[in-house]
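Residue numbers (the numbering used here), protein chains in the order written: chain E, 2 to 808; chain B, 3 to 259.
What the hints contain is simulated information worked out from the structure, not anything from laboratory work. Beta carbons are placed, not taken as given, at the ideal position from N, Cα and C, and that holds for glycine. Careful: at least some of the hints might be erroneous.
To be verified - Derived CB-CB ranges, DEER-like: (1) E/Lys342 to B/Gly127: 29 to 35 Å; (2) B/Arg47 to E/Val343: 37 to 43 Å; (3) B/Gly191 to E/Ile725: 30 to 36 Å; (4) B/Thr79 to E/Glu598: 57 to 63 Å; (5) B/Tyr196 to E/Lys596: 41 to 47 Å; (6) E/Ala760 to B/Gly30: 54 to 60 Å; (7) E/Lys124 to B/Gly191: 43 to 49 Å.
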Amino acid sequence: MSAPTADAAEFAILGKDAKALRALGAERHLSLSDLEWSAIQAHFKSLRREPTLAEVETLAQTWSEHCKHKTFTSPIRFTEGRKTRLIKNLFAETIVAATESVKKSWCLSLFEDNAGVVAFGKKWALAFKAETHNHPSALEPYGGSETGVGGVVRDVLGCGLGAKPVLNTDTFCVGRPDYAGALPEGAHHPARTLRGVIAGVRDYGNRMGIPTAGGGLWFDDDYRLNPLVFCGTVGVLPQWAVKKEVKPGDLIVAVGGRTGRDGLHGATFSSADLGADAPSSAVQIGHAIQEKRVLDALLAARDRRLYRSVTDCGAGGFSSAVGELGAKCGARVRLEDAPLKVADLDSWEIWLSESQERMVLAVPPKNLKALQAVFAAEHCELAVIGEFTRTGRLLVTHHERTVVDLDMKFLHKGLPRAQRDAVWQAPGSSKPSGGATLKLADALKKMVGHLNVCSREWVIRQYDHEVQGGTVIKPLQGVRHDGPGDACVIWPHAATGDMKDPMGFSVAHGMNPEYGRLDPYWMALACADEALRNLTCVGADPGRAALLDNFCWASPEDPRQLGALVRAAEGCRDAAKGYGAPFISGKDSLFNQSKDEKGKDLPIPGTLLVSAIAPVPDTTKAVTMDFKGPGNALYLIGRTNDELGGSLYHKVLGRAGGEVPKVTSPATALDGFKSLHAAINRGLVQSAHDLSEGGLALAAAEMGFTGEFGCLLDLDELPRDPRIYTHDVLLFSESPSRILVEVRPEDESAFLRHFGKGAKSAPVRRVGSTMANPILKVVGLDGSVLLEEPLKELKEAWQKTLPGMLE
Amino acid sequence: MKAPKILVLRAAGTNCELETANAFKLVGGAPELVHISELKSGKKRLMDFGVLAIPGGFSYGDDVGAGRVLANQVRHTLTDLRQFVRLGRPVIGICNGFQVLVKAGILPHSNACDQNASFTFNDSGKFEARWVHLRLNTQSSCLFFKGLPEMIELPVAHGEGKLVLKSPRHLEDLKKTKSIALQYVTEDGKLMGYPHNPNGSIFNIAGLSNPEGNVLGLMPHPERFIAVNHHPNWTRQTYRKAAVGLEMFRNAVVHAR
Numbered sequence: 002m003s004a005p006t007a008d009a010a011e012f013a014i015l016g017k018d019a020k021a022l023r024a025l026g027a028e029r030h031l032s033l034s035d036l037e038w039s040a041i042q043a044h045f046k047s048l049r050r051e052p053t054l055a056e057v058e059t060l061a062q063t064w065s066e067h068c069k070h071k072t073f074t075s076p077i078r079f080t081e082g083r084k085t086r087l088i089k090n091l092f093a094e095t096i097v098a099a100t101e102s103v104k105k106s107w108c109l110s111l112f113e114d115n116a117g118v119v120a121f122g123k124k125w126a127l128a129f130k131a132e133t134h135n136h137p138s139a140l141e142p143y144g145g146s147e148t149g150v151g152g153v154v155r156d157v158l159g160c161g162l163g164a165k166p167v168l169n170t171d172t173f174c175v176g177r178p179d180y181a182g183a184l185p186e187g188a189h190h191p192a193r194t195l196r197g198v199i200a201g202v203r204d205y206g207n208r209m210g211i212p213t214a215g216g217g218l219w220f221d222d223d224y225r226l227n228p229l230v231f232c233g234t235v236g237v238l239p240q241w242a243v244k245k246e247v248k249p250g251d252l253i254v255a256v257g258g259r260t261g262r263d264g265l266h267g268a269t270f271s272s273a274d275l276g277a278d279a280p281s282s283a284v285q286i287g288h289a290i291q292e293k294r295v296l297d298a299l300l301a302a303r304d305r306r307l308y309r310s311v312t313d314c315g316a317g318g319f320s321s322a323v324g325e326l327g328a329k330c331g332a333r334v335r336l337e338d339a340p341l342k343v344a345d346l347d348s349w350e351i352w353l354s355e356s357q358e359r360m361v362l363a364v365p366p367k368n369l370k371a372l373q374a375v376f377a378a379e380h381c382e383l384a385v386i387g388e389f390t391r392t393g394r395l396l397v398t399h400h401e402r403t404v405v406d407l408d409m410k411f412l413h414k415g416l417p418r419a420q421r422d423a424v425w426q427a428p429g430s431s432k433p434s435g436g437a438t439l440k441l442a443d444a445l446k447k448m449v450g451h452l453n454v455c456s457r458e459w460v461i462r463q464y465d466h467e468v469q470g471g472t473v474i475k476p477l478q479g480v481r482h483d484g485p486g487d488a489c490v491i492w493p494h495a496a497t498g499d500m501k502d503p504m505g506f507s508v509a510h511g512m513n514p515e516y517g518r519l520d521p522y523w524m525a526l527a528c529a530d531e532a533l534r535n536l537t538c539v540g541a542d543p544g545r546a547a548l549l550d551n552f553c554w555a556s557p558e559d560p561r562q563l564g565a566l567v568r569a570a571e572g573c574r575d576a577a578k579g580y581g582a583p584f585i586s587g588k589d590s591l592f593n594q595s596k597d598e599k600g601k602d603l604p605i606p607g608t609l610l611v612s613a614i615a616p617v618p619d620t621t622k623a624v625t626m627d628f629k630g631p632g633n634a635l636y637l638i639g640r641t642n643d644e645l646g647g648s649l650y651h652k653v654l655g656r657a658g659g660e661v662p663k664v665t666s667p668a669t670a671l672d673g674f675k676s677l678h679a680a681i682n683r684g685l686v687q688s689a690h691d692l693s694e695g696g697l698a699l700a701a702a703e704m705g706f707t708g709e710f711g712c713l714l715d716l717d718e719l720p721r722d723p724r725i726y727t728h729d730v731l732l733f734s735e736s737p738s739r740i741l742v743e744v745r746p747e748d749e750s751a752f753l754r755h756f757g758k759g760a761k762s763a764p765v766r767r768v769g770s771t772m773a774n775p776i777l778k779v780v781g782l783d784g785s786v787l788l789e790e791p792l793k794e795l796k797e798a799w800q801k802t803l804p805g806m807l808e
Numbered sequence: 003m004k005a006p007k008i009l010v011l012r013a014a015g016t017n018c019e020l021e022t023a024n025a026f027k028l029v030g031g032a033p034e035l036v037h038i039s040e041l042k043s044g045k046k047r048l049m050d051f052g053v054l055a056i057p058g059g060f061s062y063g064d065d066v067g068a069g070r071v072l073a074n075q076v077r078h079t080l081t082d083l084r085q086f087v088r089l090g091r092p093v094i095g096i097c098n099g100f101q102v103l104v105k106a107g108i109l110p111h112s113n114a115c116d117q118n119a120s121f122t123f124n125d126s127g128k129f130e131a132r133w134v135h136l137r138l139n140t141q142s143s144c145l146f147f148k149g150l151p152e153m154i155e156l157p158v159a160h161g162e163g164k165l166v167l168k169s170p171r172h173l174e175d176l177k178k179t180k181s182i183a184l185q186y187v188t189e190d191g192k193l194m195g196y197p198h199n200p201n202g203s204i205f206n207i208a209g210l211s212n213p214e215g216n217v218l219g220l221m222p223h224p225e226r227f228i229a230v231n232h233h234p235n236w237t238r239q240t241y242r243k244a245a246v247g248l249e250m251f252r253n254a255v256v257h258a259r
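Looking at chain B on its own, in the form it has when it is part of the complex (with noise of 0.2 Å):
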């Protein structure tokens, strides 16, 4: 069988594209790092590929706002992204990847690509880096969790990952479409305040999807758990656990081919 093209997304201050590509490459992708330049310029196209994936880092430094300044390329590059979204084919966008698809309004999703969401310092005020217990929504259409269990374990790390909504309203459309895709939990599956919600997002949301499904974007970094010595308590026995993150690339994968 064919191994689908992946596109990871690389611009200056990317850099999580490595470990990305590698989760691609271990079940069966064929993953390329494409600079935004090379969009622009025309030399690669986006509707080559059968997957994009916008990986974690500090795009531009972050300056003015976390993801901003790619978010507005991607708005003004990949013109051909809706078209890329709207033929069913998958999208991820990890940490500043979920950050540029939120502020280039890709989500939550809305018929005009109008932004609605944002992100803000982390309640803590600091930049944090640790393991969080996930809630994967089961009613939610995501393509990259077939398989997976509802409680899930990911690190995160970010200084700017607090979701903010434009309003109240957004969060029952949320709601009411199945797009938060993943929420911050408790290790028994509650919702609760800090550190569980490491960022303080409204409704402890960690991630969100298209009401189709094959778009998701995350807080937490997948690609940091595709081995089984990646959980931090590996050398514990009774802590031995599958590596979920690399289900979801090879769900994106297996759904391109």
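Same shape as in the complex, but just chain E (with noise of 0.2 Å):
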């Protein structure tokens, strides 16, 4: 019997005035605000007794942000221009109620689960899920993105009663690999940052065999601090799996890896400013084999059905595991029987603890001998650590001396919602102003080689994105396997079994932080509309999407922040309405900012990642982005607005202002994507891509060059805006909701059938066609000739700038 532990002692704070009080958070990392502190307060003087250090732990754990999303979650005064009004609940009111709208059927659980989940077929699910892992990857880029990945596959593992991970997807937003200005202290290089998140990613992601076969890449100075690391992964489980229980009586069976001291306060440390101080300990330790073994043992139980619930030990370790799974009933747990990596923790450590490769499983007692055996054959570690009850609290002790006990409906809804104040004012005029004149040609050449659109090759490779045979669609493409495709198509035979079935599906993702500086309403319908139009080019179905919304924003404290936040927020519910795209799970990260050099505020530009599934009913249907050969029609789907608001056109000048693109009617757009799966779904399609940024030029330059076939465009035909008369607005425009599409001629009939033609349908016409020679040739509005480039030249330019800043 070890010595008992000094922090099941009293934990003092009932007599402590607010002063007090946030000093012993600020020096425990506990991020507890007055008024939290005022709540546990009252409530241990109600008990008439001192806390225990490991109840305050594990209350400032679960009371975090990053688990309770307090800021979305909680009243918010908003002032938008004269008008002011009370959002009670941001989430419920944005988020939430739009999916509750748009009702579908095939939407299987929603918000509650590890995951969203989805019908694939009659018989599967499709389980998704995206996080970030910002603050760990600000610090150690390498452990903090390894442990993203660990994370959001136990995620999927820990959803329904288990998922198999058949996809990763991963997304960052860093500084530019050259900057060369000044840093704090303590602060990596943003190239630095990349290349170790990179890695990380790669090494945890290919040695789990999973495939990493979408995301994207955003540079901006504002992350040099505070960069983002969004990790995605989809699962696929049987649908009989989907829902799970605890009853009071089955055990609290802890799997996987060991606890030890590493990722200690990781939950309350991400709503705190990155500084100099930051713990290291924070950051966890990855171990992608372990984290294997627990999947392969995990799954051979369930399919044994040998539990009735699990879940993952995320932030804050066994206490929010545990935590969440007794909520309805009650648990007991005795840390004793917890195995370590090393014997000198103390309790609130066991307790607390974010070691990685973890899981809690409810364990029906006559079904232990068989689980124990199904671990054992993978080598993977079992033990039972305690029981679920009927007494409504959760009861820790360790060798006898309780170190917690606290009533399960004060521990998760015992939370003082704070009221928050948000300011959004309407920006002013948007006539550009500035930069540099650039001929087109110059223009375009720089824009290419842009590092918001220049080639991920020397990302993608390294991650093996064709483990478990079913990437038919991979994100290099054409004729030399390096053009840039707007999605990837899985088809997941390896998982279900069944090489039969053609069916598969496509993740998607929008992203557009420039808009957001603009106006972030319209930024998160411009990303929603991204995400989907990028899955309906490679033939997804854009009529059984769903949507995750990853937000990650600087302080909510600043109500200038919070208002663009609520502004996000009520685009992604317009966007959601306006598609009937329901959001099926979301994350948010707060508090991304930290002190530059200068010791002023650097927040990050409001960021939204809408990432998008949906089934591809056969893939062998499935279409690229390539051109596929000369003598080809080329259509333009959707309508060209002047909308340079934000652009990358307006990056390469240095000009600011203008219009931000607007999506201003979603049925629209979605009436165009709809023709054109029915169209890809008929083989009337050779190729499609979407346009973004750089608009049609960009567009037109990729998919010639990848397919190594030239094209001729002519502005004049573009279904446009009437007003508009000059070439550039033509070429560069991000307006959303447009796709360019190569048919053949024999096809052109049948193809335009797939369209509608009334007030409310999208509009499709033919814009040029597709040429032997490979150059990108464009005729204006006079009938002369803009642009004939090399498409060569056009993909060198492409292809440099990165391998140029990392190799």
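Join these two chains into a complex; the hints should help.
The following block contains the structure:
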């Protein structure tokens, strides 16, 4: 028997004033507000006792922004222009309300589990989740991104009764790798951060045997102190395994890795400012093979139905896993039974540690023996650490000393809600101003080589994007397997065991923080639009798409930041309703701001990543974005407006202002996507590519150099706002909902029959044709030749940027 | 006709076993995933199977060296492997499985099961996934290649795939015994450096067989080309190609019948 630990003793808070409590909180990295401290004080006062350290730690973790999403679920006084209104619960009123209003029978689990779940055929389901691991990746890029992957993979493993991961996605927002300015002490250079996070994703994902085949990169110097690392995972599970339950009397079984001192205070730390004094123990240490063992054993046990419920140990470790599973009944835990990495852990450390690769199961006692055998066969450790009860209490002991004895109700419902203020001021005049003037050809060359659109091959090749043998549309496409695909298509036969069914799915993304700088509302709609048109381009069904939201924002304590966040959430609401695409899961990461080298706050630009998933009914009919032959017709779907605000064109010119791209009618956009989907399913489309950063010119250039055929475009044929007379707008505007499509001459009339002709239908027009000569040739409104660029040169400019900076 | 039993070997960190098993299933085999510990405990016996496949992955995380730990287990647990090979039963090691066969002394063949070759990190210093052009050795008696064209394409995905030999003499031996089963080449069949040779392997070696031709180890992944739409250019009509990976599995199954 070990000596009684200090932390089972009282942790005196009762007589203390707010200042003293704040100091106590800062010392222990608790991130509790004054209001939360006083709720804890009042609770223990009514119990007539002091709390223990482990109890305060448990409350701080459970009530953290990371676990409870306080900003999204607490009241906000929102002032927009001269009007002020009270939002009681932003999450419920935007994301959830919109999802409920679109009512899709194929949504099997929304917001309640570790991931969202949608039906995939009659027997199977897809679990999808994306998370961020920003603060740890800023501190230790390699370990941060590694455990980011490990964490989201466990979310999917712990979704329902366990899903088999079949796809990983990774999106990074970082400072430019050639950043030459000053950095505060302790901050990594953006190039080092980027190399580290890529290596982390590579080493963890590849070792786990999960293809990494989707994602993105965005460069902006305002991410230099707070890089963003988004990790997503899709899992396949049988529909019978979607629901889970815990019954009193079930054993609490911990499986997988041992518990150590790594990853203490991860949840509370994620709400703190990053600084030179940030605790390094907050970053966990990843071990991919350990997680692979857990995966293999868990799914074998699932199929033998040996447990009733499962969740992963993420932020807060055992405290949150057991706390969540036992929330409705109660739980009793004996910490001395948990396998440890080192013997000298304090009780609160065992209870709160975020050591990786651990999961907690609820196991009927009669199944324990069989479960032990399954895990032993995979050399995966297993320990019974307690049982679920019907007491409604969370009771934790360590060598018979009580370290936690909390009311589940207080733990989960006792969090006091603080009201915050939010302000949104609509931007005034949006006339473009400043910047250089460039010839169209020079602007195009600069644009193709810009960091935010250039080739990602250097990164993608380091990920095993074909393991499991299901990546039938790959991230790199075209004759030389190096063009920028819109999305991957996965045919998950390794998970389903069914090689006869050609059904697969696709995952795509939308993100553009530049638009958010102008108006986060339109950014949100543009992000959803981009994700959906990417899906459509490869052959996925846009009418069956489900979305994930991942918000990364600066401090919500700044009313302007919070106002922008409200605006983005309202954009998500209107996107879900407008496209009929429900949000099935999401996550937010706030407080992404740090003191720069001059001691000034550097907030990240408000960032929203929308991830979309949809079934591809027949993967043998999927489409890639490379031109397939000469003499084919090029059709443009969607209308071009004068929308250069936040565009890549303005970026390379150094020009400010301009109209932010707007999806004024998601219904019309969706109509265009659905028409294209029908045409793809009939085999009438040779290639399709969405117009995003860089507009029409860039999309056509990419399709050309990837397929090694040229094209001729006539700008006068563009469906457009008739008030546009300038060529740069027609070439580079980033109006959403547009897709460029290649159709064989013999298929043109059949193709056009899929498009409506009503006022609310998406416009579609023939705007040019492909040709054998490998050049991008564009004719202007007056019939003059505006561009005649060899594709080879454009491709070289597009390819050299990233390797040049990272090798 | 009875489906031959295929042993698909597993260990912690193996990760291509399901698609490898599916490939065998597709051509009429009866694959079974068997953990190395089941062979060690005697619960399963190698000699009960007609084909052995060691799939790709990162067995034991490739700690100490790619495939090293599993290779030692194979040496000490699968003591009947040499007899299995002598009986002419097909053995295929893919990627990590090839690394295991080499480090266990099964390939290149030597009478005493000495290890005469090994793998080191790619010349590029990075893990890389890409499709490569390969030339099969038409003089090799490798049973997996029956009926295949001389030039094929398959994907590679590895960080530690550069084959090295103990001495130049061993390269001569390999040539003499027609054990160089396949080589990385350009589209028109020439031996060239990176990226055509993705890792810097000596003499562009992508795979080895034993002189009898029933054991094949290769870095590329045939189980990732078992359907027409696995090829990266299947959406281009002119590039539509038969799934050659599948034929390797078919040859093994046919042989084992």
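So which hints don't hold here, by number, going up? 3
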